[in-house]
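Chains as they are written, first to last, in my numbering: chain A, 1 to 331; chain B, 1 to 331; chain C, 1 to 331; chain D, 1 to 331.
Honestly, the hints are just simulated from the structure, not real lab data. Check the hints yourself; a few may be wrong.
Claimed, not checked - Simulated DEER-style distance windows between Cβ atoms:
#1 B/Arg262 - A/Ala263: 47 to 57 Å
#2 B/Glu294 - C/Glu276: 45 to 55 Å
#3 C/Ala21 - D/Ala53: 53 to 63 Å
#4 B/Thr44 - A/Thr36: 26 to 36 Å
#5 A/Ser243 - D/Arg45: 35 to 45 Å
#6 B/Glu294 - A/Ser153: 54 to 64 Å
#7 B/Asp198 - A/Gly137: 56 to 66 Å
#8 D/Ser37 - C/Ser54: 37 to 47 Å
#9 D/Gly296 - C/Ser54: 43 to 53 Å
#10 D/Thr71 - C/Asp141: 53 to 63 Å
#11 A/Ala263 - C/Arg161: 28 to 38 Å
#12 A/Gly273 - D/Pro199: 37 to 47 Å
Claimed, not checked - Some residues of chain C that are not near chain B, with every Cβ distance over 12 Å (derived):
#13 Glu27
#14 Asp52
#15 Asp58
#16 Arg61
#17 Pro96
#18 Val102
#19 Val227
#20 Tyr232
#21 Ser243
#22 Ala288
#23 Ala311
Since the model is a prediction, treat every value here as computed from it, not as a measurement. Here a beta-carbon is modelled for each residue, glycine too, at the ideal position from N, C-alpha and C.
Protein chains: 4
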Amino acid sequence: MQRFALIGAGFIGAVHAASLAAHPDVEFVGVHDVDTSRAGALATRYGTRVLDASEVFDASRLDAVFVASSTDTHAQHLRSAADAGLAVLCEKPIAPDLAEAVAVADHVRASGVPAMVDFNRRYDRDHAELRRVVASGGVGDVELIQLTSRGPSLPPVEYLRSSGGQLRDQTVHFFDLARWISGQDPVAVSVTGSALVDPTIAEFGDVDTSVATLSLPSGALVQIDSVRRTSYGYDERIEVMGSTGLVESRRQRRGNVARYGRAGVLDDGLHEGWFERVHPTYAATLAAFVDALERGVEPPVTLDDGVRAQAVAEAASRALESRRQEVVTYP
Amino acid sequence: MQRFALIGAGFIGAVHAASLAAHPDVEFVGVHDVDTSRAGALATRYGTRVLDASEVFDASRLDAVFVASSTDTHAQHLRSAADAGLAVLCEKPIAPDLAEAVAVADHVRASGVPAMVDFNRRYDRDHAELRRVVASGGVGDVELIQLTSRGPSLPPVEYLRSSGGQLRDQTVHFFDLARWISGQDPVAVSVTGSALVDPTIAEFGDVDTSVATLSLPSGALVQIDSVRRTSYGYDERIEVMGSTGLVESRRQRRGNVARYGRAGVLDDGLHEGWFERVHPTYAATLAAFVDALERGVEPPVTLDDGVRAQAVAEAASRALESRRQEVVTYP
Amino acid sequence: MQRFALIGAGFIGAVHAASLAAHPDVEFVGVHDVDTSRAGALATRYGTRVLDASEVFDASRLDAVFVASSTDTHAQHLRSAADAGLAVLCEKPIAPDLAEAVAVADHVRASGVPAMVDFNRRYDRDHAELRRVVASGGVGDVELIQLTSRGPSLPPVEYLRSSGGQLRDQTVHFFDLARWISGQDPVAVSVTGSALVDPTIAEFGDVDTSVATLSLPSGALVQIDSVRRTSYGYDERIEVMGSTGLVESRRQRRGNVARYGRAGVLDDGLHEGWFERVHPTYAATLAAFVDALERGVEPPVTLDDGVRAQAVAEAASRALESRRQEVVTYP
Amino acid sequence: MQRFALIGAGFIGAVHAASLAAHPDVEFVGVHDVDTSRAGALATRYGTRVLDASEVFDASRLDAVFVASSTDTHAQHLRSAADAGLAVLCEKPIAPDLAEAVAVADHVRASGVPAMVDFNRRYDRDHAELRRVVASGGVGDVELIQLTSRGPSLPPVEYLRSSGGQLRDQTVHFFDLARWISGQDPVAVSVTGSALVDPTIAEFGDVDTSVATLSLPSGALVQIDSVRRTSYGYDERIEVMGSTGLVESRRQRRGNVARYGRAGVLDDGLHEGWFERVHPTYAATLAAFVDALERGVEPPVTLDDGVRAQAVAEAASRALESRRQEVVTYP
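Construct the complete structure from the given sequences, taking the supplied hints into account.
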């Protein structure tokens, strides 16, 4: 049994609260948020209590902390958890700034506490099966990976302005997937992008539609297309071509109903949004973390994984501007 | 808020306990089972208590009862709930014997308590969408319905011996779906069947592979194939052809991963068993019942629906033996 | 090189003319039709000549005759070919009347000439692959076969009036497929049918929507649904469930284009009509016949196959009326 | 009726000979090849005659020439046809060297003869339907196009050595498709590539696996992945995402048979090779050319289209080496 505190009671905090409450090996000790009424609502709903700032890193009553607060607070909470000797599961990114992320990862590593970044897409049932096929040699040597990341609607421009850009904010999940699936760290990256949906975002140097090409040490290539707004739902898809075959994690449909008529066959479309698609991954990510704690092994997604995906995003951001291939430098 | 007692803590009782515990408008008062240790385990897991026989129909502390005990006890519990003035949601069948089922349905109706049969397949997301398309005229007049009901493995022969036969035990769910989708009561039925998987079951007059053809009042036809053992997983599928189109609730796959190779494209297969397929329907069925109670309207699947599906199964059982079309008589 | 005459220059005769002209091992000697201008047009188009009635069975200049004239003339042409010592490939049926068909088949067999019925669906690429899988044990013992035969539009009522009924005219192709796929002769059949599209055809005892259930000697079951008019194109599909798996020859689409939008994913629909679907089978059927002639072996679809499918259709027609299972009697 | 000569009796010449022989409005006057025995074999098979070098541009007996000889002879034959006043349909490329291609195109244009490049993929049924959807506004403004071009096996290294490289030889077809589908001329291109299948080809600066990203004037992006050797058949696929939807020309399967088993559902795979996939496009391309001649309008794919696709390939070849985005310069 692992005793957890949750930090953050916003939209994603509420999702994690449900996972914490439902996990049979978790004791959900309490929830903390700078907005105490929001914390209170969550606590009531899941039969737990509100924790104040002094209680949330109390190692006498806790084993682990789940950090789901705003992005700019991750670094500080990770350090606090490490200092208190608490295991910590943290939403990405470790810190918006790569150098700070590296420093935090070093600090946490030095403390010896188990720590994990919530790259939840690794726990998508289909992506995980695809990776299992690749890792077991099911397609031979990896030669070409394609990842599609397309959200249904543009986030608010204020959000985008402080997001670090599409590559750091959205594509970073797929940089991680590329590393995880291939088992390789990209060595170089090229990017082409446009602001097609809203020209405003070009004003602060961002794009909403982009294509990144990564080179892996083996010579294999990775294509990632990132789109902020489709008009047909949430579109995520991975394809790995190897020397002996291809494996694909298909676009997921929201159902299995087909209508046959003169005009053709109309099938159920894609999920409305990213949440419908990735919802089951949250509980699975938590379960993987708890399992690692229970078995006393290193959590399956390390802070270093977070740092490395971020390093790819930095090089990609440079490439978008320079219009040339940029080498990826890992700290 | 509806206060529920659960009767039955076996496999399916445990499924319903999870639904009761998770429903925001349900207070899960307690669970009763003739095996008190089994009831105790469930109560512990879902933070509720064990109820004894005297407590389970106590209208001062309950609003509703969920009957998930063994088939031969359904009738008695339905009568007790009615006499106590409690709403009741009951697993099918009302009673193994049609005449007794009719008597119970009459008794409950006379009492005026809200009552519902757990024909959970009506709450399958895909089947419900198919029915919505049909009901809204999306395929015109219904002309031909095909239903496929195929389980992955033969249940134990002892179970089958007392099951009433494939048509009453398995196909009855699909007789209900045919009525629900078409909005019509079948008038006649023909059946052909064989014991192909295990010849033992032919000894007590049962079959494991059968085809039933129903005639509807409009002249439309219904085909239902029922199979006890496939070798490729759980196979359920509905197709409705009408005068202006066709709508299909497809075979559901267990995932969306495809492997391309020389031999072809290998996709994820069907669900392992019926439970993986229909799992989400249980919570949806409960939600529909609770919603009806909250709104003070009649539950969407009545005991009469249970009786009528059973009447079709009786005629079908006669047709299997007579090898001729039998008229369906509704009580 | 096989020297062929073609009898019949109507719609289907023109299709066969194209196959004869294109086959590298066929010398297309000429075409005969009671309508000589129709024959002349075909002859011009394919660089061959018109044959009169005396030339069409001239064994000194021909090796084989392809009979594609009207149904009521098949028997006579088959006898003439046999008497002339010419190999003969004939459209189904051998004769509308089963007894006459048997007599003709006996006559031709006695003559020793190679003869084949044009059950062209056996040469559909997908159906043939399905049968190969079944015959090679790919699904184990056959347990349940489903065949779907659905045309897009009702033929003219005058045609239907003299067609012998849906079971003899349309379903007979699928009785043949059931025999061919299973390698078994059906022993009994039940049928339920309705006139849903045009009530006029009920006046002469016919139906436009029907379901036939066959029993095979092994106990396996066969379902065949026959529909005269869909509103979504030509729908043909076969599925064979066996003790170790299932194989399906899917509905064929007219293309592979998909449109993703808010409403769902719209794929290309089915073929407009039966001709678009079965078109490639005609040349393949001819090729199989020519190949048998060249190799001096028995043609792969015999007149006896034609007779046996017809015998099933006769029993099915009785069952439609009697509303009970009828035993199939083979001559 | 258009009188055609065919130049070239190799593999692809034989394909065109079949199309010429089958087209109802074409008189297939004769075939020329430097290898007269090869020409003779084709002439015999299609009932036409062998033409010598002096006859093949004889405007008194011909209306058009189909140039299907080796790549290095295209330019000369195009000039000869223009000088003779004959319409000309020519395999791509016009000339291996871009400057020479421009000169030839200018020469032919000045002559006024109708001329067309055989970019046959435009006549793929599915690609054409996709383009029709895009052109009719079915997906709104084009934002992201993905093209996949993957052959099943590496061509002989000697062929590759003189092919001009993967981008000029293979990808050029898809540069043309990108222009045709979008209605825009790419302004810039980036390329990343590797020699993964055979390191020998890296010795002469070529790649077998590459990813090209094009920028269109509207800001829309185009991804093209080109692969010389898959292990799962011929893989070609196009997807166009626009502001209001997405349209896809799917991977084509070789059939429609599915096998369900414990391991999953095994479907028919992709076509063995490019020829099986694109076979029907050849006759369709010829038909489009003949139709333009008959109607006296400009052929639908001009020499300028050939030049422009080649210009993109030149910029792409520079980008592969420079590892930076290169501007496309059109002559």
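Consistency of the hints with the structure:
{"no.": "1", "hint": "B/Arg262 - A/Ala263: 47 to 57 Å", "result": "violated (36 Å)"}
{"no.": "2", "hint": "B/Glu294 - C/Glu276: 45 to 55 Å", "result": "holds (54 Å)"}
{"no.": "3", "hint": "C/Ala21 - D/Ala53: 53 to 63 Å", "result": "violated (32 Å)"}
{"no.": "4", "hint": "B/Thr44 - A/Thr36: 26 to 36 Å", "result": "holds (32 Å)"}
{"no.": "5", "hint": "A/Ser243 - D/Arg45: 35 to 45 Å", "result": "holds (40 Å)"}
{"no.": "6", "hint": "B/Glu294 - A/Ser153: 54 to 64 Å", "result": "violated (33 Å)"}
{"no.": "7", "hint": "B/Asp198 - A/Gly137: 56 to 66 Å", "result": "violated (40 Å)"}
{"no.": "8", "hint": "D/Ser37 - C/Ser54: 37 to 47 Å", "result": "holds (44 Å)"}
{"no.": "9", "hint": "D/Gly296 - C/Ser54: 43 to 53 Å", "result": "holds (49 Å)"}
{"no.": "10", "hint": "D/Thr71 - C/Asp141: 53 to 63 Å", "result": "holds (57 Å)"}
{"no.": "11", "hint": "A/Ala263 - C/Arg161: 28 to 38 Å", "result": "holds (33 Å)"}
{"no.": "12", "hint": "A/Gly273 - D/Pro199: 37 to 47 Å", "result": "holds (45 Å)"}
{"no.": "13", "hint": "Glu27", "result": "holds (39 Å)"}
{"no.": "14", "hint": "Asp52", "result": "holds (48 Å)"}
{"no.": "15", "hint": "Asp58", "result": "holds (49 Å)"}
{"no.": "16", "hint": "Arg61", "result": "holds (48 Å)"}
{"no.": "17", "hint": "Pro96", "result": "holds (27 Å)"}
{"no.": "18", "hint": "Val102", "result": "holds (27 Å)"}
{"no.": "19", "hint": "Val227", "result": "violated (6 Å)"}
{"no.": "20", "hint": "Tyr232", "result": "violated (6 Å)"}
{"no.": "21", "hint": "Ser243", "result": "violated (6 Å)"}
{"no.": "22", "hint": "Ala288", "result": "holds (25 Å)"}
{"no.": "23", "hint": "Ala311", "result": "holds (19 Å)"}
Hints 1, 3, 6, 7, 19, 20 and 21 from the list above are not met by this structure, while the remaining hints are.
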